[in-house]
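Residues per chain, in single letters:
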Amino acid sequence: MLATGRLRTIQGRMNAARHGRRPAHELRHLWVRAPNWVGDLVMATPVLEALVGSSRFERVSIGLRSHLAGVVEGLPWADRVVTFKGARDEMAALARAAPDGALLLTNSFSAALRVWRAGVPLRAGTALGGRGMLLTHRLVPPSREGRRVPIPTAHLLADLAGLVGVTVPDLAPRLAADAGVRARARAVLVEHGAAADARFVLCAPGAAFGAAKLWPPERFAAVLDRLFDEQGWIGVVTGAPSEGPQIAAVVDACRHPVVSLAKAERDLALLRGLVSECELLVVGDSGPRWFAAAFDVPCVSIMGPNFPELTATSLERARIVRRDDLECSPCLRRVCPLEHHACMREIGVDEVVAAALDVVGTR
Amino acid sequence: MLGSALPRGARVVVSLPRWIGDALEVEPAVAALVEHGAALTLDADGGVRQLYRARFPELAFGEPDGARHDVAVLFRGSFRSAWRAWRAGVPRRAGLESDARGWLLTDGARPALERGAVPLGLGRARAWPRRLPRSVAAEAVELVGWLGVTVRRRRPRFEASPAARAAAEAHRGATLVNLGSRAGSAKGFPPEFAGRLVDALVARGHRVVAVCAPQEHGVAAAALARATTPVPLVEPDLVGLLALFEVARVVVTPDGGARHMAAIAGAPRVVAFAPTDPRHSVPAGGALERAFTADIACSPCHAERCPLDGAEHLACWSTLDPENLADAADSRASLRPCPPA
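Quick mapping for you: the protein sequence lines, in order, are chains A and B. Numbers given in our numbering equal positions in the first sequence, counted from 1, plus 473. Numbers given in our numbering equal positions in the second sequence, counted from 1, plus 751.
In short, the hints are calculated from the structure, not lab data. Among the hints, a few may not be true.
Computed Cβ-Cβ distance ranges for the label pairs, DEER-style [said to hold, decoys possible]:
#, chain 1, residue 1, chain 2, residue 2, range
1, B, Arg-904, A, Val-663, 34 to 44 Å
2, B, Pro-808, A, Val-663, 49 to 59 Å
3, A, Glu-789, B, Trp-854, 33 to 43 Å
4, A, Glu-819, B, Thr-857, 27 to 37 Å
5, B, Arg-904, A, Lys-558, 39 to 49 Å
6, B, Ala-1062, A, Ser-616, 38 to 48 Å
Incomplete in silico selection of chain B near chain A, CB under 8 Å [stated by the list, open to error]:
#, residue
7, Leu-810
8, Leu-864
9, Ala-889
10, Gly-896
11, Arg-908
12, Lys-938
13, Gly-1037
Covered stretches of chain B (in silico footprint by chain A; criterion: 3 or more residues with CB under 8 Å from a CB of chain A, positions within the stretch not fixed) [stated by the list, open to error]:
#, region
14, 852-863
15, 899-905
16, 1020-1034
17, 1038-1051
By construction, the Cβ of each residue, glycine as well, lies at the ideal position given by its N, Cα and C atoms.
Between the sequences and the hints, there should be enough to build the whole structure, so can you do that?
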């Protein structure tokens, strides 16, 4: 509009007159606090790559909880990762690193509090969770009538990089699975009863978020049985170290033989190897879904109480099965407050199998 | 979701961005609306209309009309686009609440904002309020997502015609320099800069071909007159330009529609952002791109014409060096040594 154009002209003149050359925002050492959720961390990998590769900073360190180190192992910038166990350990890591800027890829208040307490002069992140006052540079996500509207987490992470002047060229997650990682996965499968060259469907029925994201184990089992009948692929059931009972419940409900990794030593490196070797991943709305995106492996994700918009990236090889006709969904609650758990219970085996056959056809 | 999900079969008028580059980037969102089962009418003109007519020959083109449309999806961020939909009586109007148009929208969302101290990125010092520079493509995906439509494919898809591809063969493996822009536009290469850029590329052994749109001939010819080495000037239409980019070894261009066409064609790119901010328009396949930005406080102003006079006129371009762009073209060229036939 004409008025806008005139305003820009005035602003341009004022800026040039006041500042001449851009004031130097020389950030020598940027501390990037990586996300705590497995899925968010995988989604953040293109952002981390762009930040590490940027010429704006002399040095970039990536602060990461130690139990997540297995996710980024083998990536070209993995040597920039500084791991810590808890809050005290993180404070010590910050003190040792002494960065002059921090970019928070987590939305937690405590992460902002720690960089503020550590005296990092420049602190950038989302203005969520009431932490805006702790940040010197903040991003306010799109909103409507004062309430945040959902956008893909991957977009938000890229926007955060934009806050420190770095563009992210693409949002495709990156993970590494070299021959050693793949061989270990195959060896574990053989150890637990699979043939060395077995073609398999990987099933990860657990969800660290909470019970609201769990689909009934007998339905996972029914899907594995149907896929065995239709494709001849055996089922392999795995999960986080704490998800042994969910694995066992699925395995016990299967009619056809399946490989249970309940007793295997399961870690994130093994998960990388398994996902990179499988024909299809059948999973809830949880972190392994993003492993499939990174390795371009077909994936069916069964989604319950979450906003689909939050994870609407890397969908070329993914199918999301969810009920979009429930008034109570998405509630974002960890446990169904109405106790009927309809958002998951009303998803049938047939629609998951149909989605699986559809997505494997795209490979 | 902003309101109720878009019903299948809904009659939707889509207001496409006026800028070619932005219009190209929203193509996956338009395709997702088609796949969703919406009956689309595209509101576009000029080159955008030409490209979209070739891409979606089955779709209608026209203006918002309350009698024919249930929903207006406004990928265009202007006040006018919302005003037209409101005046036409389209019952549901979805878009970002930019340009003071929130009251005209039924399904609107306030864009993301950047708050705090002096921007770390390219934002102008003391500019307020600051809308966070975000990718047009990402905002389009989010907008249709709020209407319950999922965008599965993110890379825009446009095809050159067989005739255009045949004509482009003569320039296979060339380094294309985009010299086109509106006369006086701050975004285009200034003539002196363009001349030095062409010379620098030729000196490095590039087979340089200059390109511009037919209506930009005067600007491009003036720029070429500053180069000491004569190079051919090709003036294709938009479909022809896409075909040229498909066979180019590397493309050197200022920020603009050509940059996005080159990205769609998979060409390695060197892009100069003088008055503009690259965060607005990250194209798919950005890894093939090397961007240069102006390090001066008045940039990015996003003004069509430089508001400064005298020695400060186009000061943003004075912070960029054609030799650096040519060096980057050398390194980018190795990514596509010989585009396959």
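These are the hints, each one checked on the structure:
Range check, Arg-904 (chain B) to Val-663 (chain A): Cβ separation about 38 Å, and the 34 to 44 Å hint holds. Range check, Pro-808 (chain B) to Val-663 (chain A): Cβ separation about 54 Å, and the 49 to 59 Å hint holds. Under the hint 33 to 43 Å, the C-beta atoms of Glu-789 (chain A) and Trp-854 (chain B), about 38 Å apart, fit the expected range. Range check, Glu-819 (chain A) to Thr-857 (chain B): Cβ separation about 30 Å, and the 27 to 37 Å hint holds.
Against the hinted window of 39 to 49 Å, the Cβ-Cβ separation of Arg-904 (chain B) and Lys-558 (chain A) comes to about 41 Å, which satisfies the hint. Between Ala-1062 (chain B) and Ser-616 (chain A) the Cβ separation comes to about 43 Å, which falls inside the hinted range of 38 to 48 Å. Interface hint status for Leu-810 (chain B): violated, as the beta-carbon distance to the closest one in chain A is roughly 23 Å, over 8 Å. For Leu-864 (chain B), the suggested interface contact is upheld, since its CB lies about 4 Å from the closest CB of chain A, less than 8 Å.
Because the beta carbon of Ala-889 (chain B) sits about 5 Å from the nearest beta carbon in chain A, less than 8 Å, this interface hint is met. Using the Cβ-Cβ criterion of 8 Å, the hint placing Gly-896 (chain B) at the interface with chain A is satisfied: the shortest such distance is roughly 4 Å. Given hint, Arg-908 (chain B) at the interface with chain A, is violated; its Cβ is 13 Å from that chain's nearest Cβ, farther than 8 Å. Interface restraint check: Lys-938 (chain B) against chain A, minimum CB-CB distance 14 Å, threshold 8 Å, status violated.
Hint status for Gly-1037 (chain B): holds, given a least beta-carbon distance of 3 Å to chain A, under 8 Å. Look at the region 852-863 of chain B against chain A: 5 of its residues bring a Cβ nearer than 8 Å to a Cβ of that chain, three or more, so the hint holds. For the region 899-905 of chain B, the stated coverage by chain A is satisfied: 6 residues place a CB nearer than 8 Å to a CB of that chain, which reaches the threshold of 3. Only residues whose C-beta sits within less than 8 Å of a C-beta in chain A count toward coverage, and the region 1020-1034 of chain B has 3 of them, enough to reach three; the restraint holds.
Figure legend: the region 1038-1051 of chain B, annotated as covered by chain A; annotation consistent (8 residues with Cβ-Cβ distances under 8 Å, at least 3 required).
Of the numbered hints stated above, those contradicted by the structure are hints 7, 11, 12, listed in ascending order.
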